[in-house]
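Undergrad: Letter by letter, the chains look like this.
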Amino acid sequence: MTQMNMVQAINDALRHEMRRDDRVVVLGEDVGKVGGVFRVTQGLWDEFGDDRVVDTPLSEGGIVGTAIGMALYGLLPVPEIQFSDFIYPAYDQIVSELAKLRWRSGGEYPAKMVVRTPVGGGIRGGLYHSQSPESLFIHVAGLKVVCPSNPHDAKGLLLSSIRDPDPVLFFEPKRIYRAAKGEVPEGDYTVPLGKAAVLREGTDVTVLAWGAMLYEAVAAADEAKKQGIACEIVDLRTLWPVDIETIVASVKKTGRLVVVHEAPKTCGFGAELVALVNEKAFLHLEAPPARVCGFDTPFPYTLEMEYLPLAHRILPAIVSTARY
Amino acid sequence: MTQMNMVQAINDALRHEMRRDDRVVVLGEDVGKVGGVFRVTQGLWDEFGDDRVVDTPLSEGGIVGTAIGMALYGLLPVPEIQFSDFIYPAYDQIVSELAKLRWRSGGEYPAKMVVRTPVGGGIRGGLYHSQSPESLFIHVAGLKVVCPSNPHDAKGLLLSSIRDPDPVLFFEPKRIYRAAKGEVPEGDYTVPLGKAAVLREGTDVTVLAWGAMLYEAVAAADEAKKQGIACEIVDLRTLWPVDIETIVASVKKTGRLVVVHEAPKTCGFGAELVALVNEKAFLHLEAPPARVCGFDTPFPYTLEMEYLPLAHRILPAIVSTARY
Amino acid sequence: MQSLGPSSALPSPRSALRDDGSIDPSYAYALSDELAVALYEHMVLARVLDERMVALQREGVVASHASAVGEEAAVVGAVAAMHDDDWVFPSSRELGAALWRGMPLAAYAHHVHGTSRDPAHGRNAPDPPFWKAARVASVSPLVGTHIGHAVGAAWAARMKKADVASLVYFGEGATSSGDFHTSLNFAGVTKAPVVAVCRNNGWATSTPASKQTASHGFAVKAVAYGLRGVTVDGADVVAVLGVVRDARARAAAGFGGTLVEAVIPGADRADPLARMRRHLETRASWDAEREKRLHAEVAADVERALAEAQAAGPPARETIFDDVYAELPWHLREQRDALR
Amino acid sequence: MQSLGPSSALPSPRSALRDDGSIDPSYAYALSDELAVALYEHMVLARVLDERMVALQREGVVASHASAVGEEAAVVGAVAAMHDDDWVFPSSRELGAALWRGMPLAAYAHHVHGTSRDPAHGRNAPDPPFWKAARVASVSPLVGTHIGHAVGAAWAARMKKADVASLVYFGEGATSSGDFHTSLNFAGVTKAPVVAVCRNNGWATSTPASKQTASHGFAVKAVAYGLRGVTVDGADVVAVLGVVRDARARAAAGFGGTLVEAVIPGADRADPLARMRRHLETRASWDAEREKRLHAEVAADVERALAEAQAAGPPARETIFDDVYAELPWHLREQRDALR
Ligand SMILES: Cc1ncc(C[n+]2csc(CCOP(=O)(O)OP(=O)(O)O)c2C)c(N)n1
Ligand SMILES: Cc1ncc(C[n+]2csc(CCOP(=O)(O)OP(=O)(O)O)c2C)c(N)n1
Ligand SMILES: [Mg+2]
Ligand SMILES: [Mg+2]
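Protein chains in written order, with my numbering: chain A, 9 to 332; chain B, 9 to 332; chain C, 225 to 564; chain D, 225 to 564.
Take these hints with a grain of salt, some might be off.
[To be verified] With a Cα cut of at most 16 Å, we get these calculated EDC-like pairs of lysine to aspartate or glutamate:
1. A:K41 - A:D54
2. D:K384 - B:E294
3. D:K415 - D:D387
4. A:K288 - C:E558
5. A:K260 - A:D212
6. D:K356 - B:D59
7. C:K415 - A:E253
8. D:K385 - B:D59
9. C:K415 - A:D58
10. B:K260 - B:E287
11. C:K385 - A:E253
12. A:K288 - B:D59
13. C:K356 - C:D309
14. A:K288 - A:E231
15. C:K384 - A:E191
16. C:K384 - A:D59
17. D:K415 - B:D59
18. B:K260 - B:E209
19. B:K41 - B:D54
20. D:K516 - D:E532
21. C:K356 - A:D212
22. B:K41 - B:D30
Bear in mind the hints are in silico, worked out from the structure with no lab data behind them.
Pulled out of the complex, with its shape left as it was, chain A reads as follows (with noise of 0.2 Å):
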């Protein structure tokens, strides 16, 4: 066990799967010498060299594009958009090439990569440095998507995507790359995709979050804590194939449910979840599940801290579904 933060947890986790397997490729800008921009890749290019740590020129459609063929040939390519705010322009190539060649192909072709990407707000990125764009994957079949809130998970949770056969959005909250702190087993582990984490039970309340706002819900939780209402905090962890078990066991004992996502509100994965828990724990539900969400407008330089759905907002949205 040592004590890393998420930058330190990924690069460990990547680090050690390019020792293991070496037809692990990371490619993006920037990734090279410097480590990326967030220095997530930092001592790779110096112990793996230009062939399996590549700067790339300067596009993500690119960048994919030929990840695939990579894969195709059988390498196992880990590429690093920079900001998931630029992912758009290999977005094609996302859905409709990397999600839907297994499929297309009758399995013949699977072609198998980790996109890994930093997502969310908090970092005074303004409109184009703060994006969570998760629920344009999720509705694309095909593909996985996961992310961490914690150093422990990031790791086992990345080891997880670079074995498992289909391909894996890792979204990465950048707002707690370094502020997330915890300790990280050295060597070889994983934590399973599809798997959520029942971070605190409790009785009233199921509190569905992810990434960095986890930790917003939790703030949340401690204040309604006071009031007397007892929130179950579940960390999703993965966002698809989502931990449906977990989530309808929860509800059910609950009766309530507040989803939170950076993400604006409309369409968002909140949204999924909330019709999910229709159709599963309809008779359970006692209050009308909440939604605190990004606004649908995009996202603010200077009025960020208005725009995420942090603690103040979440506690409201407890205390009127515990009390409805």
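Given chain A, put chains B, C and D with the ligands in place with the hints provided.
TA: Then chains B, C and D with the ligands, alone, in the frame of chain A:
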């Protein structure tokens, strides 16, 4: 009044508005002399010539990107994306630029256009000529999304869309391009954006649909009627911003909801509609809202009629929701 | 000031087959009887199959088909120049490449009819087919997206120091796509061993090449990527073979990729099959007898394959849910079981 | 076979200012005292402001800033060559272009501080600013997307037979984007009057130009679009002015757009301000006295503007919901009212 199909009605709207407003420019792949692969722009090039009806190079990103520049200059572009499956190369320009220009410029640089594109399955197009990507645009703040189900609405909604100050994604259900016929007024009239149409009143179940699937909903409702179930069928027409009053009023009346769409179920627009109804009519819900959608798979070629949420799949959902 | 405007003159595409059927003496390679015959036989096979597909599409038996009639020399000549374990990334008109690589006619027929015995379970609209056994890749009909895949596979081979290259085909319209640019720019920087064959048939659906770009031809676009650019007579299978062999060798030697513009002459102009036949007739190895036999055999093979596919049924409904992921996740199991 | 491989020699970029401060006799334009002084003054203004921004960013007062130190000649020389009602599409380092177009320093300061008096209500991270009054466009920090906007605006002007052109700036890294390609290809086909200025400073963040592309320089990429390609000394404001004037005139005459590669010399090499000052000193119109006064004035103006912005407050919370649409729709009204 003249009898028209969807193709003729849309063509009529374009011609009408191009005569009325010389800022309107049509551009896209093969929209000129041949009038587009579905002939929707037929005859426009003959009447308005090379400068207002433009065959572009083969790049959807280039089409929308340059159309944004035209709009900034003061023109009113109406680009066509040949199939909505091909819209992804333009996705970055649409979601990062078009949708955000008014907001990021404090209202000083709105970019107005209507992006027309055929949507949906039913023409044996396979996985790349059949998709329904509407929720990928509804999630993005700043866009309006429209999908007509008949010739009258197609013309009236397109004229409203061109005259509306905001960018509009105008999805044309290609399966009924020629199959849907009806009376279309000559000359000028509009169907307002943001207003749904209650196609059929009923007391037992609210069925929300749009585009080509509306006809499947009607067919299913006819069958349900024989079992004594009276469906209220709402044609959304404008998907976003959706006509929430009409939806909520209907669900408050029926207490039951079935949503139908071709797009994959997960994170489709149906999820948002279910979540909204939960927020606004929770205590009126007497059964879990049901979603009858495309499967969470790519769109198949041979088995497309199994994939589409046709009447035979809608009927059981209506019945079980009504009988719940 | 240093101006770098386009040169006004277009290079005339290189040919090898002369009007009298002989091969230009400057041609760099020896052409064996076997290869000469194989090239011709595959062009004929592609032509016959193609014409049947056009008919089947008219009858509505298959939903769509992109005909390569007149472009067989570009398709067959290029693939014939590659090594067996090189990758091939077709676009919509390259059924001939899959046939050259050994895809059985029956497999092709099951593909275009989307039967239960189609390797992809009837998931794709017709063309192009993939054939895993011979590294013919699965591509989408989206124009341009596969170019990056070809570059990536070639780049991977270079990383692994394997003597493996990629051949990718596309039409001149595809050069307008963002993918063409980003992919070939990666190819230039990485020296990926890729041969990019642009079939310039002058049209993208209804759009003429003159509205596609203002560059002087398409091979010149290679300059933007530090690649070699070459134009070749796209109706001359021997010339295409030679140009692509040169490009393959250059790539294998580490000098990087080549953009080959295969200029397809207008329909009025020389038919690639006729030109190659004229050449074969200069050899002892070919005569009217063999010609007749070939056509009879090909026609019979094609009809047999089509009949087999048309007798086969559609895939089982449950197959829709397979291969979305390696294992069926809970939500797809629910959706599948709901159909039962 | 006709080979179109890249020429081995790089053209040396055109300069106008000679070491002794004189202008090369071959220079095509007369340069008035007023213009010469204005060019220099705006480069100084951009430099001083830029250095203050770098400091403010280090202090964390502004979240980010992309410095144009050393690139002022390319930025100011290009915009100075355009007509007043031409459109300007900056990338991240062109605050100097907005200043040239008359954007008040205070407006810039409110922008970078995201205050209540920022024209965009503090919605954007710092740089580049837009200035509607002078057709300086609003662009995103997404590399390359604005090139299509510049081409589209120029194309629209051509459709409307207006003598209006577009100037668009970007770095050499942006030439790898799909948008660069698709946009300039449209420009070539439509003969849109656009001047595309590529500031080649040799680096895209940490990536050297040698890893960005294998083409021989960047101006040569114009060949792929039938555009004119020109290289110019990016530290020579007079040369940039001349090259962009040529390009603007050529475009207005209907001959289409130009890709200008402004080669920025390495930090060690000549400073664009020093080079222009040396030229001014060859004129009666400039001396140490004016130089001193200019720096004093600029410093004072900049501090005044920054102080004003730092005294201003943040925008009202409700402004988040404005301008998403022309009118506030029901769902945004609900989200706004929930904050009350
Ligand atoms: C991204 C995308 N846009 C548009 C289309 C529709 N489309 C199919 S083929 C074609 C023309 C292709 O022309 P070219 O590249 O010259 O190939 P050719 O058909 O001549 O072989 C178009 C526009 C598509 N399939 N994909
Ligand atoms: C689409 C996109 N990808 C990546 C980035 C991150 N990024 C910002 S600036 C930059 C380098 C740009 O280099 P260049 O185009 O040469 O401009 P310069 O900074 O040298 O002026 C990168 C990669 C971005 N802003 N947008
Ligand atoms: Mg073509
Ligand atoms: Mg640069």
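Undergrad: Taking the hints in turn, state whether each one holds.
TA: Verification of the supplied hints:
With a C-alpha separation of about 7 Å, the suggested pairing of K41 of chain A with D54 of chain A holds against the 16 Å cut-off. Taking the CA atoms of K384 of chain D and E294 of chain B, the gap is near 60 Å; set against the 16 Å cutoff, the hint is violated. For the given pair, K415 of chain D sits about 13 Å from D387 of chain D by alpha-carbon distance, which is consistent with the 16 Å threshold. With a CA separation close to 12 Å, the supplied pair K288 of chain A and E558 of chain C stays within the 16 Å bound.
Among the hinted pairs, K260 of chain A with D212 of chain A is consistent with the structure: their alpha-carbon atoms are about 11 Å apart, no more than 16 Å. Distance hint between K356 of chain D and D59 of chain B is unfulfilled; the C-alpha atoms sit about 27 Å from each other, more than 16 Å. Under the criterion of a C-alpha separation no larger than 16 Å, the hint pairing K415 of chain C with E253 of chain A is inconsistent with the structure, at around 50 Å. This hinted pair checks out: K385 of chain D and D59 of chain B have alpha carbons roughly 11 Å apart, not beyond 16 Å.
For the hint pairing K415 of chain C with D58 of chain A, the CA-to-CA distance comes to about 14 Å; that is within 16 Å, so the pair holds. The hinted pair formed by K260 of chain B and E287 of chain B meets the criterion: a straight-line CA distance of about 12 Å does not exceed 16 Å. Our distance criterion of 16 Å between C-alpha atoms is broken by K385 of chain C and E253 of chain A, whose separation comes to about 47 Å. Taking the CA atoms of K288 of chain A and D59 of chain B, the gap is near 56 Å; set against the 16 Å cutoff, the hint is violated.
Distance hint between K356 of chain C and D309 of chain C is fulfilled; the C-alpha atoms sit about 11 Å from each other, no more than 16 Å. In summary, the hint linking K288 of chain A to E231 of chain A is not supported, as the alpha carbons are separated by about 29 Å, beyond the 16 Å threshold. As the CA atoms of K384 of chain C and E191 of chain A are separated by approximately 37 Å, the hinted pair breaks the 16 Å bound. A C-alpha spacing of about 9 Å is found between K384 of chain C and D59 of chain A, which places the hinted pair at or below 16 Å, so the restraint holds.
Proposed proximity of K415 of chain D and D59 of chain B is supported: the alpha carbons are some 12 Å apart, at most 16 Å. Proposed proximity of K260 of chain B and E209 of chain B is supported: the alpha carbons are some 13 Å apart, at most 16 Å. Simply put, K41 of chain B and D54 of chain B have alpha-carbon atoms about 7 Å apart, close enough for the 16 Å limit, and the pair holds. The hinted pair formed by K516 of chain D and E532 of chain D fails the criterion: a straight-line CA distance of about 24 Å is larger than 16 Å.
At most 16 Å may separate the alpha-carbon atoms for a hinted pair to count; K356 of chain C and D212 of chain A exceed this at roughly 55 Å. Taking the CA atoms of K41 of chain B and D30 of chain B, the gap is near 19 Å; set against the 16 Å cutoff, the hint is violated.
Hint check: violations occur at hints 2, 6, 7, 11, 12, 14, 15, 20, 21, 22; the rest are consistent with the structure.
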